[in-house]
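Use the sequences and the hints to build the structure in full.
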Amino acid sequence: MSARSFLFTAAMGCLVVCGMTGAAQARQPRTAISAPWAVGPDGSLMKDVTVIIVGGRIERVIQGPADVAVDRTIRFESGVISPGLIDAASTLGVVGDNIERKSVFDPDASVVEALDALSPALRAAGQAGVTAAMIRPAPSGIISGSAATVRTISPSGAERIIRGEGPLAVTLGPGSWDVDLGPTSRAGVLHELREAMRAAKAEGGASRLARMARGELDVIVEADSAEDVDAALRLFGQYSLAPVFRHASDAVETASELGQAKALVVVGPYTYSSELRLLAGPARLVSAGCEVAFCGGLPFLEADALRLSAALAVRYGLDPAAARRGLTINAARAAGLGNRVGALTPGADADIVIFSGDPLRLDSRVVEVWIAGERVHQAPPQAPQEADGWKAWEE
Amino acid sequence: MIVVSHRRRERSKERGGATWIRVAGLGLALSAPAAVVAQPTFGPQGRATVLENATILRPGGETTPAAMIVIRGESIEHIGPAIEIQGRATRIDLQGAFVTPGLIDVCSALGMTATRSASPVNRAFDAFDRYNAEMFREAFRNGVTMMYLPATGASGAVGTSAIVRLAPGEGGGWAGEVVRQDAALCIDLGSGESALRRLSTLDALRKQFKDAKSYRESLETYDEELKEYEKKIKERAEKEAKEKKEGDKPAPGGAPTQQRPEQPAPAEGAKPEEKKDEITKPKKPGTDPGAEVLLKTLDREMPVRIRADRSSDILNALDLAREFNLDVTIEGGSEAHLVARQLADAEVPVVLGSMLGPGLHRDDQFRRARDDAAAVLSAAGVKWALGSGATDQAAGRFLLLNAQMLAAHVPGVDPLSLVTKDAADFLGLGDRFGRLQPRRPADLVVWSGHPLEADSRVQRVYVDGRLVFRDDGSTESAAGGEEQ
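Line by line, the protein sequences give chains A and B. Using our numbering, the first residue of the first sequence is number -16, and each one after it goes up by one. Using our numbering, the first residue of the second sequence is number 94, and each one after it goes up by one.
Calculated directly from the structure, the hints in this document are not laboratory data. A couple of the hints might just be wrong.
In silico DMTMM-like cross-links for lysine to aspartate or glutamate, where the CA-CA straight-line distance does not exceed 20 Å [as the list claims (entries may be wrong)]: (1) A/Lys30 / B/Asp548; (2) B/Lys335 / B/Glu323; (3) B/Lys376 / B/Asp438; (4) A/Lys30 / B/Asp316; (5) B/Lys324 / B/Asp275; (6) B/Lys377 / B/Asp316.
Okay, here's the thing in structure tokens:
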């Protein structure tokens, strides 16, 4: 106590002696980043926004003229401030086979242990505006372990692993059928899963299965077919769990059921080759009442493929604001980190990307990337685009 | 100059207007200055489509608001400020919409099935699925109206490419219109294959070109020999005629006409013909259609597109071009930026493809691909163009998105210019396509908003003046002369 008082007195003394510089050193510096546009928490574009950052977190988000005393102001004359993009299901930085194939129930496996933090793919994704990614175990077996969420770039002081445990990855459908290890049918898988959860709940304790059965550990379900989506909704509903769905190419068939459950569905990756039916899926899910989050097929595709997935969904009818949510806050929610990253809201980590334009426009480029309030990437300046004076029509 | 002769044309169904209208377009008098078209100079039966209040997007980003586009027959008759239209017209209000030229892909696989054989006589157009209505529709939904289709699917000299315009066929079906057949000879150096196979591909190509040269030599030799033969025949005939004449004059022994003068007056002149000098007719070499195609490239009558991704393959392609004096363009070019200087020195352009593909793992022939490769090429002075790529059949739909992806990494690039006027110029079709101008074919796209915005959609596509695609309506009415 006395030591603290001493420090305080010393600091005050410094303030007197050194003026404002001393004050800045005594408390954490405040940074203001402002730009003509920003992606709001609801995914819409807000005009004229200033984000105040203190201690690696967002302190305030001010719309309109900002008159706040700060230590550093960074003003972008053009561009959009966006929360860092998050890939909602990737294997970024994960080397090799990330699943143990000895049992169809492997809740204690953790994909984060397969992470190669030095993988150049992580940094490349970060420089493309993807600041975090949920990495997940391969969809095989009934429970294939715990997913995790990692930062693609982590300056000193910022954690590389934002969440090391959760959600638990459950696979229904043919991916979980195994002749040697377990059930070989849809009914068999559901039976075993139901039994395992019932037993874990009865047993209690701190095992992942027990926590999942108590509704304390979230779950992400890989379900390819409509009947598996339906079964998962009923099964997990009994445990008051709202699973996040992934790889649900048939989810559109059960859009109304998913919509009633206000489910969060991880969609994508969509590429130039994707079928029409899939491309139109996100629009149908959202109009039925679901929310969607995107995965971009990283690292097998370019980092820009995450934004491409969203752009293609928009081209086939998805509301742009829903698509921006899918790249940011919804992906964070899928990873169980909705109050930590993915939105420009007070208290959230200051993981921010400044794009030259709407992130949904593929010709928008990354201008700067900030992680935990620190600038980690700055694109080389580009000459302003000049019209070439070509006349489109002649009289 | 485009002239529509008395051809009956079936026009697409327009809401609010007459359904199937046959237009016997007279020769369109297209020289009338557009701004003064108060009194149209066409036949009264030439029904016009008038797009009103359109925002015309100029490549480079400038816009011209509240413009009017008049389409008559297959051409743009007027584009610019609103004018008075006489005669029958279908008026369409495009308030809030943008109009661009139809998008042009300098390298696409849309609707293609890969050929598995390599032969210069293969034609890419033969592998084009001309009646795939869904493919046409999805291309239009994304604004694409024309594309260059390479022959793909094997290494070596694969075949010849075609430039195809997605035009409706007669009778309401689809057929695609070949704008240029045999646009280029497509060579694939097989960058994805093993080093040994790539070397043998190159060897085989050298041999093919050399064989084509010897084929030509044998043809030339034949021509010379034939000339020689004809000359000899003629000479002999002349000689015979002369000797006959001379022989007739003195007629010492009343020689018979059959007797050859050069023959020493044979006593037994039974078969004089057998004893004359043998003049054999040269044998004509067999035709080689493959070599004929290669000869066109050797004469630089047909350009050559060489698909090569690895820098070593690109350098090999440049060697091949030098050795045989070929008019070469590199296609693919994942490592073109590594040999930009050599490409610039050889003045060889590059056609870049899909911005998707290598991923962040980057192995095989794409491992050194760079998103900003085009900027490196530009800086070195290499001419380049962007297509959707020759491998992914479905990627052709998303040409503009691909251009936007490139533009994010290359300063000063206008994605829309890339896939309209630049593409048309690159294909040598800039005088007809890629720009919205009077007297040009009316290939144009109506977008619900700025085409580069994520949520803009294609509302209408006109090809050759005909409405070929339409998504959700805008107000329109048939007016002006409907009563006639």
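Practice item. Could you grab the alpha-carbon distance between B/Lys377 and B/Asp316 and see if it respects the 20 Å cut-off? Key: 9 Å, holds
Review point. Taken at face value, is the distance from the CA of B/Asp548 to the CA of A/Lys30 at most 20 Å?
Key: Between A/Lys30 and B/Asp548 the Cα gap is close to 19 Å, so the pair holds against 20 Å.
Check your understanding: For the pair supplied as a hint, A/Lys30 and B/Asp316, is the alpha-carbon distance within the 20 Å limit?
Key -> 78 Å, violated
Check your understanding: Is the hinted pair B/Lys324 and B/Asp275 satisfied, with a Cα-Cα distance of at most 20 Å?
Key -> 38 Å, violated
Check your understanding: Going straight from one Cα to the other, do B/Lys335 and B/Glu323 come out at no more than 20 Å?
Key -> 18 Å, holds
Practice item. Would you check the hint for B/Lys376 and B/Asp438, treating anything up to 20 Å between C-alpha atoms as holding? Key: It is violated: about 45 Å lies between the C-alpha atoms, which goes past 20 Å.
Violated hints, listed in ascending order, are 3, 4 and 5; each of the other numbered hints is respected by the structure.
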